[in-house]
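S.K.: The residues making up each chain are set out below.
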Amino acid sequence: MIIVEKLSKSFNSVPVLQGIDHAQRQGQAVVIIGPSGCGKSTFLRCLNQLELADAGRITIDSVTIEGGHPPRTAAERDRQRQLRLRAGMVFQSFNLFPHLTVLDNITVAPRVVQDVTAEEAEQRARLLLRKVGLEHKTGAYPAQLSGGQQQRVAIARALAMQPKVMLFDEPTSALDPELREEVLRVMRGLAEEGMTMLVVTHEMQFAREMADQVLFFDGGLIAESGPPEQVFGSPLQERTREFVRRCNSNGRGS
Amino acid sequence: MNSSCRRAVRRILLIGLVPLLWCQALQAADHLEEIRHRGLLRWGADAEGGAPYVYPDPKHPERLIGFEYELAEELAAKLGVKAVMVQNQWDQLIPALDRGNFDIILNGLELTVENQQRIAMTRPYYAYAQQLVTRSDTQGLTNLTTLNGHSVGVLSGSVAERLLKEQPGTDWKSYPGNVESFQDLKNRRIDAVALDLPIALHYARPDSALKFSGPPFAPGFYAIGVLKQDTNLLSALNLAIRQLAADGTLERIYRKYGIWDERQQTLKDFQAPATMATGAGPGLRQRLGYLPLLLKAAVTTTELSVLAMAVAVVAGLVVVLVRLYGAGPLRWLARGYVEVVRGTPLLIQLFLIYYGLPELGIRLNAFCAAILGLGLNYAASEAENYRAGIQSIPHGQTEAALALGMTRWQTLQQVVLPQAARVVIPPVTNDFIAMFKDTSIVSVITMVELTKEYGFLAASNSDYIVVGLMTASIYFGLSYPASLCANWLENRLRHDHR
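Those protein sequence lines, which keep their order, are chains L and Y. Going left to right, the first sequence walks through residues 0 to 253 as numbering that gives the first Met the number 0 numbers them. Going left to right, the second sequence walks through residues 0 to 497 as numbering that gives the first Met the number 0 numbers them.
Hints listed in this document are in silico derivations from the structure and should not be mistaken for laboratory results. Do not take every clue at face value.
Quick list of simulated restraints, FRET-style, between CB atoms [to be verified]: (1) Asp-211/L to Glu-489/Y: 50 to 56 Å; (2) Thr-116/L to Leu-294/Y: 48 to 54 Å; (3) Ala-139/L to Asn-490/Y: 49 to 55 Å.
Backbone N, C-alpha and C fix where the C-beta goes; we use that ideal spot for every residue, glycine too.
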């Protein structure tokens, strides 16, 4: 479902990703952990082309993009969009559209991008809002919602495009601790339904419970990977052990 | 307030009063003594397009020449002082004299009852008449009555303007200078120009594209204007003019400029008519009569503002989109447009569009030129407003839209522009209100809008304060609702989502 080959990326000649390889089957939930600045967010943003990789290759559900240059032709731009349509993205800062109601936030992209009729888009939106527990908020504006509610709407908005995989970029980091659980509950539900997920997070509990595989990023490389019981229980690398120990003492990562 | 504080305030007031009282004293004294004391006669005139009266020497543009320039030199010599010209827009010479910007007006000022009500006038120094000038291929149009249904150019504030205003069925257009009206005549925007003979002799006679149509008419005299209280100055000038007429100095100067004719013989033995009694100021009834004229001009101002703003709002959007999202060279072009338009005066842009474009074969009427000029000028400022608005939208909004698969254009349309619109409403409405006031500038390309109508009414009735307040109220009446409307819109948009 997701194949990443030799992905590398630098910002102002500072290497952030140094040849990442990653393969993920359909229905797998993969959690990426690692210290700040290790490149985990950049990796996620490269997958749906918000950052353009300097080199390497990304394949999601049989759409492949080669890194190295921004899209130049209409065909290349279309391929970029095809890749994005296969990957739903949830941001740390929600990024809901403040000028639209909850319902319109969810229906706008299906209507505009996929030419779905207004009725069908609305039907989809109502189903998704029920799923994230916000069916009573259709007419509200984002500013009238709590952070946790906003993030749940953002998840519904991404799901409305019926993506093949969901990318979560620290979805709970901007939330107060008491609001995190409602978002994590929605994510657990998605994982149980068999959604292919790639989650950058500091929520170790979530990683332990839900991840099929945990990737530990450090210095732009995957320093260690494996099932959660291995990475958390008996890490092979000293750096991983150190990070996990610190997380356990803090309750969450740095 | 304690007593020492009060004393300090009183002292400050006194210090402030001293220069005021001093100015008042200067005003009251006769100017002749002051002129002799400073050894300088300051004469007010308009050298812009001022040939053959007073104008920059084509060979040495830093030097002035003209028959009035030479006359001023002679007059000053008679008073035993030097002459210095003070530049002033022609149709505002009398108010400027009142303000004390100069001692006398010496610039083709007609000896009329209206002028004599406002200032004192000397015996005449030149006998002029009106002349019609047309394109050389024009037939007919040889006198005022044949002008019916034609559009005719006149100098703003001139006798010709007054004559044509009284002529029903004639479409007259006022120009700030003489060169522009001939330009428009040749560009076929107007069919004739009515003007003082000396100007016609200088500009139209040598031009093969133009001709004198019909005989001179409506003869009159030019005289020097002085303040009414300057009686000594007035008699000194009268004496000097009589001497210059008698000893042939006037004839020598006028022949040099090709404006001598037999009418000038009358100057030597001119008998001053008894000075008019000063009429009372305009009454309420007359002032109410201004209102329809002002309101009609206000309609023009509103049309200009609304249409020019529509042009600006749309053109500004095009410019900003090209500047932010266009291909490389286009981006620079848009940026250059904004910088050049913002960095040059609107007045020059209007002149280029109205008088410059016809040289390239593009003839716009004054209304279209005004809308285009104002619109394109404001487009630059709207583009900057939009740019600030667009750039104030967090980048996360664009990322979220792109991540949902929207194209750049869909992102702009659905996400960025609707949010930017809210940010941009206050500065754009501010510009709209400023536009109401800026439309006054288009009078330079012959549009009669509110400020121009104010100029007409105030100058011809010598009623600057009351007409001024009426005009200002109309402007306020136009812009205040716009400002209320903007507040309402802004609040409404804010309530919805913030």
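S.K.: Checked against the structure, which of the hints given earlier come out wrong?
M.R.: 3
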